[in-house]
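**Q** Sequence:
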Amino acid sequence: MALLIVKDVHTFYGSSEVLRGVSLEVQQGRIVCLLGRNGMGKSTLLRSIVGLTPPKQGAITFNGKRIESLKPDRIFDLGIGYVPQGRRVFPYLTVEENLRLGLRNKGEKRPAIFEELFEILPILADRLRQKAGTLSGGEQQMLVIARALAGKAKLLLVDEPTEGIQPTIVDEILKLLARMNESGGLTILLVEQNMELAWIPMLVF
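Using numbering that gives the first Met the number 0, the first residue of the sequence shown is number 0, and each one after it goes up by one.
Hints were generated in silico from the structure; no laboratory data involved.
Just so you know, not all the hints are guaranteed correct.
As the list claims (entries may be wrong) - Taking lysine-lysine pairs in the PhoX-like style, the calculated list, with each CA pair at most 25 Å apart, reads:
no., residue 1, residue 2
1, K130, K55
2, K70, K55
3, K151, K130
To be verified - Derived Cβ-Cβ restraints for the label pairs, each shown as a range:
no., residue 1, residue 2, range
4, Y12, L127, 32 to 42 Å
5, S15, T167, 18 to 28 Å
6, E96, D7, 36 to 46 Å
7, R19, L51, 14 to 24 Å
8, G136, E181, 36 to 46 Å
9, Q165, S14, 34 to 44 Å
10, L127, R178, 13 to 23 Å
Cβ atoms here follow ideal geometry from the backbone N, Cα and C, with glycine treated the same way.
Model the full structure from these sequences, guided by the hints.
**A** See below:
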C-alpha cells in the first residue's frame, strides 16, 4: 500500500521551475532514498510535500488524503515528520525543550513518546538539560530526528542526514534510521548525495 503518492508535481521558486512533472510512490513500511547531486530538486520535493514550498500543479496524497493545499502545521498533525538539511536545532534551548517543540500536545508533562525515543537514543536522555548548541554535530542530528518523531510520525522525511558529519557518526545515524524502520515500521523518505548509503535495505532512485 502506498502511504505517499506524488503525482505530476510542478514547483517553482519565483519564475524558476524547480520540479517539473515529478511523480513518486512510497510504500508503507519502506525506506526510499533519492540520490543525486546538488541542484536536482531533492530538497524542494521534500519541502513541497510538507507544505513549505507548495506545488503550483500536481497532487500529493498521504495516507489516502490530498495534502498539497494544506498548511505545514496541518500536514504535521496528519503524521509527517520533517528533518531539514543543516541540523536545525534551537541552540539556546535545552535538549528537552527542543524535543517538546515536536509534540502535538505541548502540555504533556512527560510524554510516553519520550521514553520510546530514549530507548533508541539514550544519549539524549543523558543530555536533557544541556543546551542543544553545545552538542556535537552528530548529536544535534540525532536530536532533530528525535524531535521530528516526537509528533508520532508515520512518515519521516529526512534531508541529507549525513552532511558534514564524521563517518563513524554517519554509520550510527543510518543504523538508527534502519532500526526505526525495522522495529517500529516507520516509513522513511530521505534524500542524499552519499552513495555509501547503499548498504541500507531500501529502494534507491
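**Q** Determine for every hint whether it applies to the structure shown.
**A** Now for the hints, and whether the structure bears them out:
no., hint, in the structure
1, K130 to K55, "40 Å, violated"
2, K70 to K55, "14 Å, holds"
3, K151 to K130, "24 Å, holds"
4, Y12 to L127: 32 to 42 Å, "38 Å, holds"
5, S15 to T167: 18 to 28 Å, "39 Å, violated"
6, E96 to D7: 36 to 46 Å, "41 Å, holds"
7, R19 to L51: 14 to 24 Å, "19 Å, holds"
8, G136 to E181: 36 to 46 Å, "25 Å, violated"
9, Q165 to S14: 34 to 44 Å, "40 Å, holds"
10, L127 to R178: 13 to 23 Å, "21 Å, holds"
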